[in-house]
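> Sequence:
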Amino acid sequence: MSPASVLIHMYGSSLTGFGLKTADINVDLNSTDKDKKLTVLLNEVYILLRDKKDTGFSNVRTDFLAKVPVLLLTDEATGYQVTIAIHCYNAHCSGELLAIYSDFDERVRKLAIAFRYWASIFGLDHHYDGFIPPHALSLMVIYYLQNCSPQVLPIITPPKVTGEEVGDFHQDSPAFERMRKKVMKYAFQKRNESSLGQLWLGLIRFYSLEFDVVTNVVTIRNEVLKRTTKPWNSKKLSVEDPYMTKKNITRMLNNARIYEYWQDAVKKSYYYFGLPRDCKGKSLISDEELKDMRQKMKGSQQHGEGSGRAQQQNQTPTDTRETESDEDVVIPPNPLLAKFTSRLATRNERNSSADDDEDSCTNECSSVTSESLQRSQASSHLNADEASTSSTTESVSHSQTKNKLKVQGNPHNERTTGISKDIDDENDGDEEEDFLLVDPWQDYQLSYEFTKETFLTDGKGPILVCMYCEQEGHLKNNCPEDELPEVLPLPALTSRHVRVLTQTLNRVP
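Numbered by UniProt numbering, the letters in the sequence shown go through residues 1 to 509 in order.
Hints were generated in silico from the structure; no laboratory data involved.
Honestly, I wouldn't trust all of these hints.
Computed list of lysine to any residue pairs in SDA-like fashion (alpha-carbon distance at most 20 Å, straight line) [what the hints assert, rightly or not]: (1) 230 - 209; (2) 236 - 224; (3) 52 - 22; (4) 37 - 56; (5) 181 - 157; (6) 182 - 223; (7) 267 - 451; (8) 37 - 49; (9) 268 - 247; (10) 268 - 104; (11) 160 - 178; (12) 235 - 157; (13) 267 - 449; (14) 236 - 464; (15) 230 - 267; (16) 268 - 181; (17) 246 - 182; (18) 52 - 66; (19) 246 - 223; (20) 452 - 22; (21) 291 - 157; (22) 268 - 180; (23) 160 - 180; (24) 235 - 212; (25) 236 - 76; (26) 230 - 257.
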C-alpha cells in the first residue's frame, strides 16, 4: 500500500476543543484503497510502531477485540495518550460540525468543557464503563444553546456527507466550509449576551426541570424532534448523533437506576449553584426562607390568575397593548429576586411622580457585576488538572453601583442569577424598563467549588450495568454470560467408538 492511500484525521474532543486536559488524542485511520482491509492496515501500523525504534511513542498496545478496534500508544514528549481507531468517519463529521459551533462563540467551548468536567466528577462520562459518551454531553450543550431565548447558536441543517465510502474527507470538506459560513453569518445579528454563569445555571435547570424527555429527543439538526419518529422504546433522555441518526447514543440511561442517578446529579447541582453560598459552601438563604418564598410565590400566582381574568374583561385597546407587552416580561422565580421584589415595588411607587425615576433608583441601589458573578460561579470550572478548585469573589465595592447585569428572557422560564434585569421589547417599541435590586450579599464572599463533596455525592458513582445481559454489578468486559464454559478433557477413542462413528457418517445421504 502506498503512503498516499493512507488517510488520518483527528476526531472527538481533539477536533472540537471540548475535551479536558486529561483527554486522549483521537485519530481516525482510513484508506482510499478498498482492496485493503482497515483491520489489516491497523495491525501493520501496530507492528511498525512496536518494532521500530525512536518512533517517539511508547507503551504501544492494541485492542482488536473491541467493538471498534483501536491502537493505543503514549507520546513520549508530552505524555499524551493517543488512540488510533478505524471506521470513525461519522464521528469525524460530527466533530467537524461541533467545531464550527465551538468557533462561533467562546462561551460554547467553555460551557461544554464545564459540563464535561461536571460529568466526570459524578462519573457519568466513563463511556467504556457503559455511561454517557463525552460527545453526547457536547451535543446536549449545543442543543440547549440553540433553544434558549435569545439563541446563542443558530439551528442549521448539517451537510450531507458522501465521502464515507471512499474514506476521504476531502470530498465533504467544501460542504462543511459552506456550513461554517452560514453559521458565522448569525454572529452579526442580535445575540444572547448572557454571562457564562447565567448560561450554566440555565443549562442544568433545563435538563433537570424543563426538558420533556418523554416527548422530545436532543438533536442539533432540527428545532423539534419527537420521540415518535424514532424506533426507541425508552422514554428516558435520548440524544441523537447528527450523522448516526438511527442510534440513541445515551441508551445506557434506559436503566432506571442510572437514569435516577443522572437526575439526582443535575438537580443537586442546580440546587448548589442556584443559591448564594459562602466559602464553606453553606447557603446564605436558609431552608425556612426558601419555604416561605415558595408559599408566597404560589399565593401570588393564584391571585394573579384571578385578577388577570378580571382585568381582561375591562381593558381598553391601550391597556391591551400594554398588557401584551407585560406578558412578554417573565421574571424568573429566583430566590434573590423573590426576596427583594417587594422592596423594589415600594421604592418605585414612592418615586413614580418624579421624572428621573431611573436615575434616582440607580444612584440608591447597587448591583452585582457580571464579572464578579462569573468569577464566583464559573472561574474554577475549567481547570481539570486539580481534583478540586475553589474561587472566592472579592467584595463588591460601592463604586460599582451603576453596573447592571442583563438577564435575558426565556420561553422555558429559565432561572438565572441576575440581580438586575434589562428588558427591551422591540416588537411593541416600549421603552426600556430597568429593575434594580439592592445586592444583599455585598458584605459576603461568595464561593463555589467543583468537587464531589460540594455536590453532595455519595462517592460511589453510578451503578455498573452490563450492556450485554443488562444486569447490574458488572460490565460487558467481564459478563458471566459472555464467558465460554470450561472445556473438559475427552476420553481416548476406542476402536469400537471409531467404527460406530464411521458407520454413522456413511449413512448420511
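> Against this structure, judge whether each hint is valid.
Here is what the structure says about each hint:
Restraint check: the Cα-Cα separation between residue 230 and residue 209 comes to about 23 Å, which exceeds 20 Å; the hinted pair is violated. The hinted pair formed by residue 236 and residue 224 meets the criterion: a straight-line CA distance of about 17 Å does not exceed 20 Å. Simply put, residue 52 and residue 22 have alpha-carbon atoms about 27 Å apart, too far for the 20 Å limit, and the pair is violated. Restraint check for residue 37 and residue 56: not satisfied, since their Cα atoms lie roughly 26 Å apart, outside the 20 Å limit.
This hinted pair checks out: residue 181 and residue 157 have alpha carbons roughly 13 Å apart, not beyond 20 Å. With a C-alpha separation of about 17 Å, the suggested pairing of residue 182 with residue 223 holds against the 20 Å cut-off. Only pairs whose Cα atoms come within 20 Å are accepted, and residue 267 paired with residue 451 is accepted, the gap being roughly 15 Å. Annotation: proposed proximity of residue 37 to residue 49 holds, straight-line Cα distance about 19 Å (limit 20 Å).
For the proposed pair residue 268 and residue 247, the alpha carbon gap of about 29 Å is over 20 Å, so the pair is violated. Between residue 268 and residue 104 the CA atoms are separated by roughly 31 Å; this puts the pair beyond 20 Å, and the hint is violated. Proximity of residue 160 to residue 178 is assessed by CA-CA distance (about 12 Å); at most 20 Å being required, the pair is judged to hold. A hinted pair counts as satisfied when its Cα atoms are at most 20 Å apart, and residue 235 with residue 157 does not qualify at roughly 25 Å.
For the proposed pair residue 267 and residue 449, the alpha carbon gap of about 16 Å is at most 20 Å, so the pair holds. The suggested pairing of residue 236 with residue 464 holds, with an alpha-carbon distance near 18 Å, which does not exceed 20 Å. Between residue 230 and residue 267 the CA atoms are separated by roughly 27 Å; this puts the pair beyond 20 Å, and the hint is violated. The straight-line distance between the Cα atoms of residue 268 and residue 181 is roughly 39 Å, outside the 20 Å bound, and the hint therefore fails.
Of the supplied pair hints, the one linking residue 246 and residue 182 is violated, its CA atoms being roughly 26 Å apart against a limit of 20 Å. With a C-alpha separation of about 25 Å, the suggested pair residue 52 and residue 66 falls outside the 20 Å cut-off, and the hint is violated. The suggested pairing of residue 246 with residue 223 holds, with an alpha-carbon distance near 18 Å, which does not exceed 20 Å. Between residue 452 and residue 22, the direct Cα distance comes to roughly 18 Å. Compliance with the 20 Å bound is thereby established for this hinted pair.
Pair hint residue 291 plus residue 157 does not hold up; C-alpha atoms about 45 Å apart against a cutoff of 20 Å. With a C-alpha separation of about 37 Å, the suggested pair residue 268 and residue 180 falls outside the 20 Å cut-off, and the hint is violated. Our distance criterion of 20 Å between C-alpha atoms is met by residue 160 and residue 180, whose separation comes to about 14 Å. Restraint check for residue 235 and residue 212: satisfied, since their Cα atoms lie roughly 10 Å apart, inside the 20 Å limit.
Pair hint residue 236 plus residue 76 does not hold up; C-alpha atoms about 43 Å apart against a cutoff of 20 Å. For the proposed pair residue 230 and residue 257, the alpha carbon gap of about 23 Å is over 20 Å, so the pair is violated.
The earlier numbered hints that this structure contradicts are 1, 3, 4, 9, 10, 12, 15, 16, 17, 18, 21, 22, 25, 26.
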